[in-house]
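Peer 1: As a plain string of letters, each chain reads:
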Amino acid sequence: GIQVEQSPPDLILQEGANSTLRCNFSDSVNNLQWFHQNPWGQLINLFYIPSGTKQNGRLSATTVATERYSLLYISSSQTTDSGVYFCAVVNTGTASKLTFGTGTRLQVTL
Amino acid sequence: NAGVMQNPRHLVRRRGQEARLRCSPMKGHSHVYWYRQLPEEGLKFMVYLQKENIIDESGMPKERFSAEFPKEGPSILRIQQVVRGDSAAYFCASSPRASGGAESYEQYFGPGTRLTVT
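For the record, the sequence lines run as chains A and B.
Once you know that position 9 of the first sequence is 9 in the working numbering, the rest is easy, because the numbers rise by one and skip nothing.
If you want the working numbering, it's the 1-based position in the second sequence plus 1000.
Please keep in mind that the hints were generated in silico from the structure rather than gathered at the bench.
This structure is a prediction, so every number in the text was calculated from the model and none was measured.
Just so it is clear, CB atoms sit at the ideal spot from N, CA and C, and this is done for glycine as well.
Do not take every clue at face value.
[Said to hold, decoys possible] Derived coverage of chain A by chain B (criterion: at least 3 residues anywhere in the stretch with Cβ under 8 angstroms from a Cβ of chain B; other residues may be distant):
| hint | stretch |
| --- | --- |
| 1 | 17-25 |
| 2 | 38-44 |
| 3 | 85-98 |
Just chain B, same shape as in the assembly:
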């Protein structure tokens, strides 16, 4: 059973360009989470999606960032007009079941995409 897959593993963009990061969850998982890790810091939650729905985007910057998880295909994290401060590792995680309230389930992480903005 393949784990969470992310691509590309490394991405270099010039300031002002767009970055697209892809995440394929584990087989059978329909819940996807994106986290960002700035250099020398811990991971910070960005967004939680289920198929075709954004459940919680409280960690997403208000501008330039968007995420989707279509019915078919991987989840995409899109950053428009990148700036140097967007340089970070972006991790995707998936979990198998719906959660909320009193229930929560283990999240499995992908290898991350390291974005460098020059």
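In isolation and in its complexed conformation, chain A is listed as follows:
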């Protein structure tokens, strides 16, 4: 099946810093989603971005499907950004099941 790798696995930032999270995938996809799992375990949809670029406040994401990667940018990080960020994809031709990466654990400190 499709492989999804995320980097870095862990990231510690001071409040106000910027960061880039990366998601590489091994095959063609027709769905790519970024999620934030907060410290209470809730999974929050950030972006649905099978291709192109989107922005939402301090967050933006870019997917280059032909090169099989996606990037999540976090600017001016806040302590509430702490948690785990997951990338998940649907392999083209499969029946919509999302395959998740192993996540990037982000800790934002004061």
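Following the hints, position chain B against chain A.
Peer 2: Chain B in isolation, oriented as in the chain A frame:
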């Protein structure tokens, strides 16, 4: 428009008991997915259902686990004779349209049910 609803949010069962997890998709969504997250791991796909049909159950353990999405009412994930290894967070997601092949649509996740087996 209410989001995906799951209940209960927390469930404690003794080994050997049955666990029933419920999921109500977003209004207008007829496609439901179940995922499991073991402690300190990512989410793993279990099963994909449409009303009265199981579309893909390739991630379901072969024994003790079953899922349904009846014509009326929520989707149910049922675990019989639970064991400690079943302790996990179980997430349900829904999407609005049929998909497959070249098309796929955003999945919206519920808050999860945290199952603890003692």
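Peer 1: Next, verify each hint and record whether it holds.
Peer 2: Outcome of the hint check:
1. 17-25: Contact hint for the stretch 17-25 of chain A vs chain B: violated, 0 residues under 8 angstroms.
2. 38-44: Per the Cβ count (3), the hint holds.
3. 85-98: holds (count 10)
Of the numbered hints listed earlier, the single one contradicted by the structure is hint 1.
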